[in-house]
Amino acid sequence: MSLEKREIEKIAHLARLAIDESAIPGYAEDLTGILDLVDQMSAVDTEGVEPLAHPHDAVQRLREDVVTEENQRERLQSNAPQTDSGLFLVPKVIE
Amino acid sequence: MKEKTLTELALLLQQRELSSVELTQYYLDRIQRLDTTLNSFISVTGEEALKQAAVADQKIAVGEAGPLTGVPIAHKDIFCTQGVRTSCGSKMLDNFIAPYNATVVEKMSEAGVVMLGKTNMDEFAMGSSNENSFYGAVSNPWNREYVPGGSSGGSAAAVAARLTPAATGTDTGGSIRQPAALCGVTGLKPTYGRVSRWGMIAFASSLDQGGPLTQSAEDAALMLSAMAGFDPKDSTSMEREVPDYSATLNNPLQGVRIGLPREYFSEGLDGGVENVVQEAIAEYRKMGAEVVDIDLPNTRLAVPTYYVVAPAECSSNLSRFDGVRYGHRCDDPRDLEDLYKRSRGEGFGDEVKRRIMIGAYTLSAGYYDAYYLKAQRLRRLISEDFQRAFERVDVIMGPVTPTTAFRKGEKSDDPVNMYLSDIYTIAVSLAGLPGMSIPAGFSDGMPVGLQLIGNHFDESRLLNLAHQYQQVSDWHRQAPEDMA
Chain E
8 MSLEKREIEK
18 IAHLARLAID
28 ESAIPGYAED
38 LTGILDLVDQ
48 MSAVDTEGVE
58 PLAHPHDAVQ
68 RLREDVVTEE
78 NQRERLQSNA
88 PQTDSGLFLV
98 PKVIE
Chain X
7 MKEKTLTELA
17 LLLQQRELSS
27 VELTQYYLDR
37 IQRLDTTLNS
47 FISVTGEEAL
57 KQAAVADQKI
67 AVGEAGPLTG
77 VPIAHKDIFC
87 TQGVRTSCGS
97 KMLDNFIAPY
107 NATVVEKMSE
117 AGVVMLGKTN
127 MDEFAMGSSN
137 ENSFYGAVSN
147 PWNREYVPGG
157 SSGGSAAAVA
167 ARLTPAATGT
177 DTGGSIRQPA
187 ALCGVTGLKP
197 TYGRVSRWGM
207 IAFASSLDQG
217 GPLTQSAEDA
227 ALMLSAMAGF
237 DPKDSTSMER
247 EVPDYSATLN
257 NPLQGVRIGL
267 PREYFSEGLD
277 GGVENVVQEA
287 IAEYRKMGAE
297 VVDIDLPNTR
307 LAVPTYYVVA
317 PAECSSNLSR
327 FDGVRYGHRC
337 DDPRDLEDLY
347 KRSRGEGFGD
357 EVKRRIMIGA
367 YTLSAGYYDA
377 YYLKAQRLRR
387 LISEDFQRAF
397 ERVDVIMGPV
407 TPTTAFRKGE
417 KSDDPVNMYL
427 SDIYTIAVSL
437 AGLPGMSIPA
447 GFSDGMPVGL
457 QLIGNHFDES
467 RLLNLAHQYQ
477 QVSDWHRQAP
487 EDMA
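Just so you know, the sequences run in chain order E and X. For the first sequence, position 79 matches number 86 in the working numbering, and the numbering has no gaps at all. For the second sequence, position 266 matches number 272 in the working numbering, and the numbering has no gaps at all.
Just so you know, not all the hints are guaranteed correct.
[What the hints assert, rightly or not] With a straight-line cut-off of 30 Å between C-alpha atoms, the simulated DSSO-like cross-links for lysine-lysine are:
id, chain 1, residue 1, chain 2, residue 2
1, E, K17, X, K97
2, E, K17, E, K99
3, X, K292, X, K65
4, X, K414, X, K8
5, X, K57, X, K10
6, E, K12, X, K97
7, X, K417, X, K97
8, X, K8, X, K113
9, X, K239, X, K292
10, X, K65, X, K10
11, E, K12, X, K417
12, X, K113, X, K57
13, X, K417, E, K17
14, X, K292, X, K97
15, E, K99, X, K10
[What the hints assert, rightly or not] If you only want the chain X side, here are some residues facing chain E, beta carbon under 7 Å, derived:
id, residue
16, F140
17, S241
18, L275
19, Y346
[To be verified] Here are the in silico distance ranges between beta carbons for each label pair:
id, chain 1, residue 1, chain 2, residue 2, range
20, E, V73, X, S325, 27 to 35 Å
21, E, D72, X, N256, 16 to 24 Å
22, X, G372, E, K99, 31 to 39 Å
23, E, A30, X, D480, 45 to 53 Å
24, E, E76, X, N149, 13 to 21 Å
25, E, P32, X, D250, 53 to 61 Å
26, X, R413, E, Q84, 12 to 20 Å
27, X, N101, E, Q67, 53 to 61 Å
28, X, T254, E, L96, 53 to 61 Å
29, E, E81, X, N257, 46 to 54 Å
30, E, Q84, X, G261, 54 to 62 Å
Note that these hints are calculated values from the structure, not bench results. Positions of the beta carbon are idealized from the N, C-alpha and C atoms, including for glycine.
Input sequences plus hints: build the corresponding full structure.
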């Protein structure tokens, strides 16, 4: 298989990644190579094999729905690019 | 002093023949003098380290010291360290000062360990050469033209050059074992769920596991005892007692059954590496172990399976880096979508972008069954191969890597070729098993690692077998001569 330019553009959009126009052929070649490697999987019949999502086949542990953390908004927001009154600021979404 | 192991240094501290401040200053001086040619550290936290050392000295003076109090180590820059930049090797987090400590960092700190700094790594732990770091490539201390391996390349190089007695690392598909092998140090990837992932920046959550890189197995036992344990903050942490890993190091090897997978000694394995590995296995025979051939028939599917599972999980995990709450944000975004796209496009390097895109593709509408679900089915077959083998043998041995360290730039333009260098480590990660790399000799002047693979939660046995080998060999004692 070989990925086309518009497929790379679509994947980059899905992943919200800005990609330079000039870099697209390189990504197309690399991703095609990786998908060719991955396609070796299809040679094996896995009919009836249960998927393994967790190495120990374990399920997520649940806990009581109680508050365990204190509010530390200021500390946690100290890395934010732009905040105001405890809110994260982004460009205007609704006109 | 640099030739001393963590265990030996800890003893000198306890006997008060040396203070933690002296020891810490000694390693800080070595880093300053020698790391210019290696680039194994991203951040050196000298001032804070000396403060921690002074606290450790006080604890030792009043008799409150534990086995690790006052010994200096380095943390891979993937572990969150409160008040210290935690970059994960990425421009995306170049400005990120972690607001809390990872559980591993917290546990080591409670044990009285001194942190020298944060080690270099492939960006977001994606790579096998440490060439993917925003902070530049790391050199292999045995030859500066060669890579140290990755992604924990900074930790492995720093331990090999004796710039720190030990370091933490993380392993998703081989990121502790492969650099340990290529740099000639001891590296242990514990069982999935043994060491808490909390505060360890996520790459592929069903695979990621933290562990130690040290000079010796005895040191690894000390480190793992402090790092391991149940953590309610990590939903995949396993509720299991942590055994005393140091207590069983001297168990006799009489009658221990070692399996050699035929698939790990076939085409693609360099002859020099194979000779070293076979000689190490011959030593185990002399120590009374029984060696048998085994089959892991789905070995060749491990790399393709991994390159579906890991990128899919990476693509989900790395969606959190959006330029809104922390991390890099682009200048003058036109709108929210532009902010997301340019912040991520500028913040991530090429390999990270490739993996995010592969993940986005395989998880996109219509492809899930053919890729992710198929890979999870194969993952079970790969895991069952090991379980069948462990019905016959106690431990599996083989090479860690098909070749010794490769030259910088040799594989950096060819992602698939780079991925294939992890062929012997990836299946172990998919199965969630513990794996270890120990120095076993040299081929053309570069270190070769022997891989030990155990059943789930059988770290004690791996450490026992590794320690016994290190009683009859001195490969782990060898350090590059020009790192005096």
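Cross-check of the supplied hints:
{"no.": "1", "hint": "E/K17 - X/K97", "result": "24 Å, holds"}
{"no.": "2", "hint": "E/K17 - E/K99", "result": "25 Å, holds"}
{"no.": "3", "hint": "X/K292 - X/K65", "result": "44 Å, violated"}
{"no.": "4", "hint": "X/K414 - X/K8", "result": "27 Å, holds"}
{"no.": "5", "hint": "X/K57 - X/K10", "result": "23 Å, holds"}
{"no.": "6", "hint": "E/K12 - X/K97", "result": "27 Å, holds"}
{"no.": "7", "hint": "X/K417 - X/K97", "result": "22 Å, holds"}
{"no.": "8", "hint": "X/K8 - X/K113", "result": "25 Å, holds"}
{"no.": "9", "hint": "X/K239 - X/K292", "result": "45 Å, violated"}
{"no.": "10", "hint": "X/K65 - X/K10", "result": "22 Å, holds"}
{"no.": "11", "hint": "E/K12 - X/K417", "result": "25 Å, holds"}
{"no.": "12", "hint": "X/K113 - X/K57", "result": "18 Å, holds"}
{"no.": "13", "hint": "X/K417 - E/K17", "result": "28 Å, holds"}
{"no.": "14", "hint": "X/K292 - X/K97", "result": "51 Å, violated"}
{"no.": "15", "hint": "E/K99 - X/K10", "result": "59 Å, violated"}
{"no.": "16", "hint": "F140", "result": "16 Å, violated"}
{"no.": "17", "hint": "S241", "result": "5 Å, holds"}
{"no.": "18", "hint": "L275", "result": "19 Å, violated"}
{"no.": "19", "hint": "Y346", "result": "4 Å, holds"}
{"no.": "20", "hint": "E/V73 - X/S325: 27 to 35 Å", "result": "28 Å, holds"}
{"no.": "21", "hint": "E/D72 - X/N256: 16 to 24 Å", "result": "48 Å, violated"}
{"no.": "22", "hint": "X/G372 - E/K99: 31 to 39 Å", "result": "35 Å, holds"}
{"no.": "23", "hint": "E/A30 - X/D480: 45 to 53 Å", "result": "49 Å, holds"}
{"no.": "24", "hint": "E/E76 - X/N149: 13 to 21 Å", "result": "48 Å, violated"}
{"no.": "25", "hint": "E/P32 - X/D250: 53 to 61 Å", "result": "57 Å, holds"}
{"no.": "26", "hint": "X/R413 - E/Q84: 12 to 20 Å", "result": "45 Å, violated"}
{"no.": "27", "hint": "X/N101 - E/Q67: 53 to 61 Å", "result": "33 Å, violated"}
{"no.": "28", "hint": "X/T254 - E/L96: 53 to 61 Å", "result": "56 Å, holds"}
{"no.": "29", "hint": "E/E81 - X/N257: 46 to 54 Å", "result": "52 Å, holds"}
{"no.": "30", "hint": "E/Q84 - X/G261: 54 to 62 Å", "result": "59 Å, holds"}
Hints 3, 9, 14, 15, 16, 18, 21, 24, 26, 27 from the earlier list are contradicted by this structure; the remaining hints agree with it.
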